[in-house]
Structures are given as structure tokens and as C-alpha cells.
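We have chain A already, so just place chain B on it with the hints.
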Amino acid sequence: MNGMKYLLLGCLAALLLAAACTAPQETGDVAIVYTKGTGPMPTLLATKQIDGYIAWQPFVEVAPVAKIGKVIAYSGALPPDARWENHPCCVLAARTDLMGRNPALVNDLGAVTILATQYITDHPDESAEIVADWLAGKGNFTYGNVTVSSVDVLNRAFPTVKFVNEPTEEWMNGQVEFIYALRELKALTGSLANSSDSESRALLFDTGPYTQAMSMIEAGSFAIPEPEDKPVGVGYLLSDHDASLFVAVKKWQYFNDTYGIALKPQDEKATRPDTVDLLVKGQKVATLKLIPGDAGPQLMQLAATDTAQFAYVGNPPAISAIDKGTPVKILMALNTEGSGVVVTTDSPATDWDSFVKWAKERSAAGKPIRMAAPGKGSIQDVMLRYALEESGLSVQEVQA
Amino acid sequence: MRRSLGLILPILLLVGWEIAAIVIDNPFILPPLETVIPVLLHPFEDILGTGSLFYNAFVSLTRVGFGFLVAVSIAVPLGIGMGWSRTIDALLDTTIQLLRPIPPLAWGPLAIAWFAIGIYSMGFIIFLGAFFPVLLNTIDGVKSVKRTWVEVAQTLGASERQVLHRVVLPGAAPTIWTGLRVGFGVAWMCVVAAEWLPGTTSGLGYLTLYAYNFGQMNIIIAGMITIGIIGIAFDLFFRSVEDRWFRWRGLER
Chain A
487 MNGMKYLLLG
497 CLAALLLAAA
507 CTAPQETGDV
517 AIVYTKGTGP
527 MPTLLATKQI
537 DGYIAWQPFV
547 EVAPVAKIGK
557 VIAYSGALPP
567 DARWENHPCC
577 VLAARTDLMG
587 RNPALVNDLG
597 AVTILATQYI
607 TDHPDESAEI
617 VADWLAGKGN
627 FTYGNVTVSS
637 VDVLNRAFPT
647 VKFVNEPTEE
657 WMNGQVEFIY
667 ALRELKALTG
677 SLANSSDSES
687 RALLFDTGPY
697 TQAMSMIEAG
707 SFAIPEPEDK
717 PVGVGYLLSD
727 HDASLFVAVK
737 KWQYFNDTYG
747 IALKPQDEKA
757 TRPDTVDLLV
767 KGQKVATLKL
777 IPGDAGPQLM
787 QLAATDTAQF
797 AYVGNPPAIS
807 AIDKGTPVKI
817 LMALNTEGSG
827 VVVTTDSPAT
837 DWDSFVKWAK
847 ERSAAGKPIR
857 MAAPGKGSIQ
867 DVMLRYALEE
877 SGLSVQEVQA
Chain B
4 MRRSLGLILP
14 ILLLVGWEIA
24 AIVIDNPFIL
34 PPLETVIPVL
44 LHPFEDILGT
54 GSLFYNAFVS
64 LTRVGFGFLV
74 AVSIAVPLGI
84 GMGWSRTIDA
94 LLDTTIQLLR
104 PIPPLAWGPL
114 AIAWFAIGIY
124 SMGFIIFLGA
134 FFPVLLNTID
144 GVKSVKRTWV
154 EVAQTLGASE
164 RQVLHRVVLP
174 GAAPTIWTGL
184 RVGFGVAWMC
194 VVAAEWLPGT
204 TSGLGYLTLY
214 AYNFGQMNII
224 IAGMITIGII
234 GIAFDLFFRS
244 VEDRWFRWRG
254 LER
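Just so you know, the protein sequences line up as chains A and B, in that order.
Position in the first sequence counted from 1, then plus 486, gives you our numbering.
Position in the second sequence counted from 1, then plus 3, gives you our numbering.
Calculated directly from the structure, the hints in this document are not laboratory data.
Heads up, some of the hints might be wrong.
As the list claims (entries may be wrong) - SDA-like, lysine to any residue: derived pairs with alpha carbons at most 20 Å apart:
id : chain 1 : residue 1 : chain 2 : residue 2
1  : A       : Lys-716   : B       : Ile-122
2  : A       : Lys-755   : B       : Phe-47
3  : B       : Lys-146   : B       : Arg-164
4  : A       : Lys-624   : B       : Ser-55
5  : B       : Lys-146   : B       : Leu-95
6  : A       : Lys-522   : B       : Tyr-215
7  : A       : Lys-770   : A       : Pro-713
8  : A       : Lys-775   : B       : Ala-116
9  : B       : Lys-149   : B       : His-168
10 : A       : Lys-522   : B       : Ala-109
11 : A       : Lys-522   : B       : Ile-105
12 : A       : Lys-853   : A       : Ser-833
13 : B       : Lys-146   : B       : Ser-55
14 : A       : Lys-755   : B       : Ser-205
15 : A       : Lys-775   : B       : Phe-57
16 : A       : Lys-755   : B       : Phe-57
17 : A       : Lys-716   : B       : Leu-95
18 : A       : Lys-775   : B       : Phe-118
19 : A       : Lys-624   : B       : Thr-38
To be verified - Just some of the chain B residues that point at chain A, by a computed CB distance under 10 Å:
id : residue
20 : Pro-34
21 : Thr-38
22 : Ile-40
23 : Thr-53
24 : Gly-54
25 : Thr-98
26 : Ile-115
27 : Ala-119
28 : Thr-203
29 : Leu-212
30 : Tyr-215
31 : Asn-216
32 : Asn-221
33 : Ile-222
Glycine included, every Cβ here is placed at the ideal spot set by N, Cα and C.
So that you can see chain A by itself, here it is in the shape it has in the complex (with noise of 0.2 Å):
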């Protein structure tokens, strides 16, 4: 009986010995699983699969309200030092065919989305609202125990979003920033893998639209566009980045009355309406088809096959289609920032220095910390697995 003690306590002190050789305290590894999304966080958070998850807002606010975990990072302050302010996140995307064919409709549509920007500039709370309309139907979101309003978690969530147009040098950059993280992600096979910054840019962007848009806005009059055949499909996230087509779509009145510009629901009473008319002087000009998807990737395959000519999606999945052939072009920023980082309430970490000391503890002691992300080369894959390895801590994905 003793010696089993002994021998068990010579074992454990080997292994003590052992952690302590191949990781000291400066360095350690973090486990990351991919959950397709955000939905499955919150379930795996408060069954302890995973110790904490990096997901775009609301899903952030979501932890702290149904009190499974807290906030530690929102991604704009994650680091390397300043790296990720303003850092890009959903764009405005569309099909090269229907720019050369219809270049009035693309920048009308761009100039509903910088007006709606503004709109959403001017009036957060009443923006965060219509979000909460267009998502929930303002419903109540149920997590274990608590339930809470779903306008509640998007005006906790609105304030941590920068919703902005301008295709601004800065911003370009950090594009092709992510084009780097994604080469390292071996996601990128085609017409990017081995471009130069300047052909990397001139692959992706077309600034044309929105300078066109901003001109059209000032001058106080829009294109009117050529007559299509069948409704435009515009393929959108169902999240709050994507806000600037939702309060567009719900203030059409406003838009119609203060712009003569608008993109007015033919189901005025729905709450997620899937079919708009593109008004302009009050006049129908165009149908547009809404088309909600779950993930980037998925939208871009709808517009790869040409069901969708515009796309609000990320730029992760807008760059990896662009790679792949996918004739689109992105016109402007949606908005910059808007994730974060959030962990288990009994975690000891309180912010990101914490952070890095308890999962450099946990890899110490021969059990990583587990963190979900929403998919890899995700903007949120990219940015914690930056920050990470920055702070001296090695990613390793978890196989099943």
C-alpha cells in the first residue's frame, strides 16, 4: 500500500519535472476547436468543453448576461499593441459582371449602405433596437436559466462595433494583413497565394462604388439604374455588423422622405423581410432578394454560382473566394471591430495580461486551455491566434 503511494508520488513528481522541462512559464500551448459558428458557444462554455471562445457581437454580450462567463478583450485592444484597432470585419461585396453591366445599381446600393451608416451613427440605441427587431423579432434569447431581451444584449453589444464605410488606406492594409494570416493558414491556394501587396490589392478592391456613392450623396440625386431581368440577390450575415442593411430596409421611409433613396420591404409587417424594392425619387427601380446566410462562405458559394450579386459578409470568406476565381470585388468596410474574447466566470483571468498567466499555468500543469472560434482563418480565428502567439503561447487545434 505505501510503496503505491511512493511509486505514485515518484511518477507525478516525474511528470512535474518533465512539464517543467518542455514548457517553462514563458511559453505553453492553447487548444482551439472550430464551432462552426457562434451558436454552439455558450452550450459548450457552461458544460465546461471548452474554457473560453472568441465569437463576433452579440455573441460576446451573451456570456456576461447569461452569466457563463465574462469578457476579457473586445478585439480591438487584443494585441500586438494596436494591431487590431480598427481592424476590418464585414464588407460590402459584388459581382465584377453586374459592376460592368448595372454600375448605377452598385453604387446605389452603396449609397443606401454609407447613408444607413450614418443613420446608425446618429441614432445607436434606436439602431440597436431595429437589430434586435431584424434578429429576434425583439424577442427574449433563453440561456439556461435566464432569459433576457434581446434589445437588452444588442445595446450592450452596439457600443463595441465601429460602424464605418471609407475604404481608407489604413484599412486596405489591414486587408492584406489577413491575406498573410491566411497564407499561413495554408486557406489560400489561387489567384493570392504568392501576389504582392499591390496585386493583392488590386485583386480585391474596387473603390470605385463608394467614392461614386459619396458624390451621388453630396450632389443630393441617384443613378437610376438599368432595368434587370430577375431580382438582385444581396446575400447578408445575421448579425449586427450587418446593420446598416437592416436599418436601411426599417427606416426606408426615412430614407425615402430625406435622400429620395431607399430600399423599401414589400412586406412592410415582416421582421425579416426577403423581398425590397430599390425606390429612387419614389420610383421602383430595381428588386432586390435578401438572402440571409449563417456563414461567410456559404454567401460567397451563392455568389460564386451567381444567386447572389452583392454580398455583407466578412473578409475572410470575401478574400478566400477572390482566390478561388470567385468574380467579386469588395467596395467598402461595413464596419471595423465588434468581437471579443470571453472566458468561464471562475476562470481567474480578468483581462488579457491574466489571461495569458492562467493558460501559461494550465499548460504548465499538462492541461491547456481550450478556446472556440468560429471557424479557421475566421477574422476571430486570425486575431486571438495573433495575439496568442504574440503573448508566447502556441495554438494547437484540437482533432476529432
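This is chain B only, laid out in the frame that chain A set:
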């Protein structure tokens, strides 16, 4: 009496569920019934802006009805042909056995590319689910019509057409009906796969997926229960027809 026996287990399951939920005390693993039942008790109330349970069930049923009817209208004639003619059977059997094991869900990407977003791509997935059970049962039903019946009809001077109409079809009807029953069941199962296709905005399958995107376990479970209840209702319908019209199959032989 038989009905009430069948109810014992579901009731025990519900009681067991509630007890387990209290013992586990983690609603993320097992949500207590009190979060699920309110959803079921308000079938006309909007859920997360996706419409009511009733509305989504109606939409799903329309889609399944469409896919199922198309499947039946192709599978039954084809099955009769394959059951009746060795040549047709030899011609088609390999292809059908090759396609049959492919899960309808795997056709999703092609369905979208071929039939575009909407009822046709969803109908295609449901069609695939219903098609094979109906086809195989029809073939089986036609093949298992007693040779003696056919021979008697032929000696009495019936034409091939008359034999098919008056002997083979009625003789195969019970098995074909079983095929329809199984086929509808599989079609109904496929509605979730079909409604997970991109661009969908309604239906019970979509509602569960939408709730999943927001981690709403109680709505997911309520959706599953609704799918189960509708499934059992249709199965009861198919069975009651079976009992009423095809009883002779059990008596004969």
C-alpha cells in the same frame, strides 16, 4: 387499451427528463421542461422573428407534400415497371442501388446549384428521401403478387393491361402503401436537412437551425417535439388507411 399502453413510456420519459434536469442542475445540458413547454403552448406566437410554430409547421408540410408527391408520381410508375419487366429492372437496378445510399443532405450543394434557392432545391432533397422507399416497396409489391393470380387471369383471357390493372396493382397496393408510409416518414425527416439549405427563411427545420445560431436550446427542443408530433400524426393516418383498406393482406395467405 393499446393506445394507453403506448403513452406510458412518453410520460415516464417526461417525468424522467424533469427529474434528470433537476439533478444535473445545468440547463445547458438538459433544459428543464418549464422553458420548453411555454414555447409549445403558444403555437401562434412569433419566435425570434421567424414566425410561429404553427406557421413554420405549415410551411414545412407544404414543402414535404410537394417533394413527396413528386417522388410518388415518379417512383410508383417506375417501380411497377421494374417489378413487372425484367428488362427495365436490369437496366435501372444498378444505378438505383448506386444512388440510394447517398444521404439526401449530401446533395445540398448540388441542389442549390441546380435548382436555386427555394422550394425546388428543398423539394429535391425531400424527393430524394421519399423516392427510394416508395420505389423499392413498389417493386417488391409487384414482384410478390402471387403467380397463380396472374396465371388465372391470363387463362381467363385477360390482356396484359387488364392483368396489370385488375390483378397486379390491387395485389401490390398494400406493399406500395407501406412504401408511401415509410417514404413520407423519411421525407418528413429530410425537411430539416432541406431547410438548412442557404437562403431558407421559414419552416420547422429552419427554426431549429435559427435557434441553434443563437444557442436557444428550448426552442430547438420545442421544434423537435413539433416535428415528432406531426410525424406521428401522419403515420397514424397512413396506418388507419392500411387497417381499413388493406386488412386482407393479413387475413389472406
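| query | Is Lys-775 (chain A) within 20 Å of Phe-57 (chain B), Cα to Cα? | reply | violated (25 Å)
| Taking only the CA atoms, is the gap from Lys-775 (chain A) to Phe-118 (chain B) under or equal to 20 Å? | With a Cα-Cα distance of about 16 Å, the restraint between Lys-775 (chain A) and Phe-118 (chain B) holds, given a limit of 20 Å.
| query | Regarding the hint that Asn-216 (chain B) lies at the interface with chain A, is the smallest CB-CB distance below 10 Å? | reply | holds (4 Å)
| field | Pair hint Lys-146 (chain B) and Ser-55 (chain B), alpha-carbon separation not exceeding 20 Å | value | violated (46 Å)
| said: Against the 20 Å threshold, does the CA-CA distance of Lys-755 (chain A) and Phe-57 (chain B) hold or violate the hint? | reply: holds (18 Å)
| message | Checking one constraint from the list: CA of Lys-716 (chain A) to CA of Ile-122 (chain B), max 20 Å. Satisfied? | response | holds (17 Å)
| query | Are Lys-522 (chain A) and Ile-105 (chain B) close enough, with their CA atoms no more than 20 Å apart? | reply | Violated. Lys-522 (chain A) to Ile-105 (chain B) sits at ~23 Å, over the 20 Å cutoff.
| Has the given pair, Lys-522 (chain A) with Tyr-215 (chain B), been kept, meaning a C-alpha gap of at most 20 Å? | holds (11 Å)
| request: For the pair we were handed, Lys-755 (chain A) and Ser-205 (chain B), check the Cα-Cα distance against 20 Å. | output: holds (15 Å)
| Taking the least C-beta to C-beta distance, is Asn-221 (chain B) closer than 10 Å to chain A? | holds (5 Å)
| Is it true that the CA of Lys-624 (chain A) sits at most 20 Å from the CA of Ser-55 (chain B)? | holds (14 Å)
| request: May I ask you to test the interface hint for Ile-40 (chain B) with respect to chain A, counting a Cβ-Cβ separation under 10 Å as satisfied? | output: violated (12 Å)
Hint violations for this structure: numbers 11, 13, 15, 17, 22 and 25, all remaining hints satisfied.
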